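Asker: Put together the whole structure using the sequences plus the hints.
Letter by letter, the sequence shown follows residues -20 to -1, 1 to 537 in mature numbering (1 follows the signal peptide of the UniProt record, and there is no 0).
Since the hints were made in silico from the structure, they are not lab data. All values reported here derive from a predicted model rather than from experimental measurement. The beta carbon of each residue, even a glycine, is placed where N, CA and C say it ideally should be. Worth double-checking, as some hints may not be accurate.
[As the list claims (entries may be wrong)] Quick list of simulated restraints, FRET-style, between CB atoms:
| hint | residue 1 | residue 2 | range |
| --- | --- | --- | --- |
| 1 | Ile154 | Leu234 | 27 to 35 Å |
| 2 | Pro188 | Asp36 | 46 to 54 Å |
| 3 | Leu234 | Ser26 | 22 to 30 Å |
| 4 | Ile325 | Asn121 | 54 to 62 Å |
| 5 | Tyr106 | Ser79 | 25 to 33 Å |
| 6 | Ile80 | Ser158 | 22 to 30 Å |
| 7 | Val369 | Glu435 | 24 to 32 Å |
| 8 | Phe227 | Asp36 | 47 to 55 Å |
| 9 | Thr277 | Ser148 | 38 to 46 Å |
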Amino acid sequence: MKNYLTLLLFLLLLSCNKHKPANPTNGNNQYYDKAWYFSDHNIPDSSFIYFNKAKDEFLNHNDSVGIAKSLINMAIISGDQNDYFGSQEISLSAIKYLSINNENQREILSSNYNNLGKVAHHLKRYDDADQFYIQSIKLANKEKSRMIYISNLAINLSDQKRYSEALSYFEKIIRNKSLTNDSSSFPRVLTNMSLTKWRQNPNYNPVPSFLKALYIREKKNDLWGQNSSYAHLADYYIQKQSDSALFYANKMYLVAQEIKSADDQLEALQKLIKLSPARETKFFFNVYQNLNDSVQTARSAAKNQFAVIRYNSEKNKANFLKAQAENVEKQKDILVRNIGIGTLILCLLLGYFLYQKRKKGLQQEKEIEVKKTELKYVKKIHDRVANRVYQVMSEVENTPEIDKNDLADKLDVIYKISRDLSYDNKDVHNEESFSIELTKMLYAYASAETNIIIEGRGENLWEAIKDDTKAEVFCILQELMINMKKHSGANTVTLNFKRENDRITVLYVDNGKGMEVLTPKNGLRNTETRIESISGHITFDTKPDGGLLVEFSFPTL
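Answerer: See below:
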């Protein structure tokens, strides 16, 4: 008896998964291939460990599909060891690594949702199982996979006593052309459909279908399928023919031992305890009790082991992320330091560049200032000296009997201006009012050939006008008179002054040659610039019958 129990325990430890996913190898991840090696040799705990290691390896290489496949296989192993909550948790964590929009990943997703459906079914959360199975059916690309998921959905509906719905799905599978009589799927679907009909109608006889399925399974040496057939036949006969039920229960027990399925052995022992003669019942009960204790102990150990593996994995991941975060922080500090040094160097270079630019700018400003000063003196010489000289020359030329004392005074003024070029505007109205000085300047260009007519002049005309403005007006009119004398050949010049609405308007008209192009040149080049400096406006026009018309105005304020 002791040896027999030891053998049963050994069989339990070698018990394997009833439904395995396909074994896709991955040459780039040795842990993944090794996990499948242990799975194929019915060592679930080692398989779980290496799938977990494979998952971490895939994480290091950012292989999301590899991560998902490893997690799904871990979830299936947990579910097969009755760790349904652990299986559910792992399956749910795999979803985020796959995309429903990626055609190549939909089949993997469908397998994961199928596992979630199986877990929910075992936990008797049938509504959740329905949704998971429906999702797996939608995502399945392979017809064979889709038929399996539809079958699982039908079984789930049958367990909810929704027999009509379940049967409609079973019939859909039976009608599928890909399902042939000798396939492994047909006897399973035939058995489940007949079982559902029997549950729906206790008078229905499922035995012919059960036996047909058993025949196919025996022919194909499908031990797992035979085990299922014996279980259903024993269940059917248990109330009708106890000897037949006992026969099939014994057959089930022997096959369960052969396939090393502890769960099926326990189920068969329960039937044998109920159906066997009294002298054998105690033996089967003891076997059942010892095996059940061993199974529960082994599964508790497996659950704990899987939990510890997941915990250590997450702990290692957390430590890695912490170290990675610390490294990132160090790199950030180094980056900040380098940015600081770079910024300092950049600021120094920028400061040096700005210093050199400012130095160069100051040098250029000095050069410009020198040029401005030169231009200022040239302008003063032109305005104060050359024009004065030309004015005196005109007076000497046009006045036969000029007063020598008056001439000497004017030459003395020119001398003083020449001696001191910083002299600024005071000569315009030094001793006499600006109006008188302006009038004298204009009449200085009068001669026997040229008549000068001035209209609108008066003291109040220039009242409150700034000295700078007066100086510019004086120079503008002097330029016009010199231009008339040199180029126009006019015999009549009329100047009209008018002050209204806070503006003074000056109209100059002569009957000379005029200008071919209405653009001032020669001595009049600076006239527009002068007008702009006092915020004024000037226009030049040539009369149809010859002559020049110039009108300019400026504000009095």
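Asker: All the hints need checking, so say for each whether the structure fits it.
Answerer: Quick rundown of the hints versus the structure:
1. The hint said 27 to 35 Å for the Cβ distance between Ile154 and Leu234, and at roughly 30 Å that hint holds.
2. The given range of 46 to 54 Å is respected by Pro188 and Asp36, whose C-beta atoms sit roughly 53 Å from each other.
3. The beta-carbon spacing between Leu234 and Ser26, approximately 29 Å, falls within the hinted interval of 22 to 30 Å.
4. For Ile325 and Asn121, the Cβ-Cβ distance of about 60 Å falls inside the hinted range of 54 to 62 Å, so the restraint holds.
5. For the pair Tyr106 and Ser79, the beta carbons lie near 29 Å from each other, so the given range of 25 to 33 Å is met.
6. Distance hint check: the CB atoms of Ile80 and Ser158 are about 25 Å apart, consistent with the given range 22 to 30 Å.
7. A C-beta distance of roughly 28 Å is found between Val369 and Glu435, which places it inside the suggested range of 24 to 32 Å.
8. For Phe227 paired with Asp36, a C-beta distance near 51 Å keeps the hint of 47 to 55 Å intact.
9. As the Cβ distance of Thr277 to Ser148 is approximately 43 Å, the hint placing it in 38 to 46 Å holds.
The structure fails none of the hints (numbered hints given earlier).
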